[in-house]
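Trainee: Sequence:
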Amino acid sequence: MTESAPTLLPEPAIEEIRLAAVLHALADPMRLRIALQLADGHQDMACIAFDLPVSKSTTTHHFRVLRESGVIRQHRRGTSRVSTLRAADLEQVLPGVLDRVLAAARTEARAEARGTSGDAPTME
1 MTESAPTLLP
11 EPAIEEIRLA
21 AVLHALADPM
31 RLRIALQLAD
41 GHQDMACIAF
51 DLPVSKSTTT
61 HHFRVLRESG
71 VIRQHRRGTS
81 RVSTLRAADL
91 EQVLPGVLDR
101 VLAAARTEAR
111 AEARGTSGDA
121 PTME
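Under the UniProt record's numbering, read the sequence shown as residues 1 to 124, first letter to last.
It is possible that some hints are incorrect.
What the hints assert, rightly or not - Label pairs and their calculated CB-CB ranges:
# : residue 1 : residue 2 : range
1 : P29       : G115      : 26 to 36 Å
2 : E108      : G78       : 13 to 23 Å
3 : A13       : A113      : 31 to 41 Å
4 : S80       : I14       : 22 to 32 Å
5 : A27       : E91       : 12 to 22 Å
Since the hints were made in silico from the structure, they are not lab data.
Glycine included, every Cβ here is placed at the ideal spot set by N, Cα and C.
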């Protein structure tokens with residue numbers, strides 16, 4: 001029995017990726033968590049591999065928002081959906097945006113782990 005080729009799910013072409021859509025997608029903590037996991041060397045992860053504390057339907061929604069904004073690419077592999085971060089595409093269209101958002105998220109997570117605020121000092 002031969003395996004069929006993976007089916008790519010609909011996504012915006014690179015020239016259709018928009019800053020507002022990407023920032024909206026990454027503004028949600030669960031979606032940002034997904035992007036961080038993919039960026040931290042977990043390319044080509046099945047959706048079920050993400051241990052998100054939300055329902056299956058909410059997880060599906062988060063992946064759809066990420067895919068439709070152009071942040072991730074998804075394809076079907078058997079009965080699973082496999083996700084890949086579109087880092088190169090985003091860098092081409094929005095240079096530095098993904099790296100800066102992910103770096104800020106990592107800094108904030110480290111600050112929270114230390115029990116300190118990730119907020120920058122305010123200027124008066």
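Trainee: Next, verify each hint and record whether it holds.
Mentor: Against the structure, the hints come out as follows:
{"no.": "1", "hint": "P29 <-> G115: 26 to 36 Å", "result": "violated, 18 Å"}
{"no.": "2", "hint": "E108 <-> G78: 13 to 23 Å", "result": "violated, 36 Å"}
{"no.": "3", "hint": "A13 <-> A113: 31 to 41 Å", "result": "holds, 38 Å"}
{"no.": "4", "hint": "S80 <-> I14: 22 to 32 Å", "result": "holds, 25 Å"}
{"no.": "5", "hint": "A27 <-> E91: 12 to 22 Å", "result": "holds, 19 Å"}
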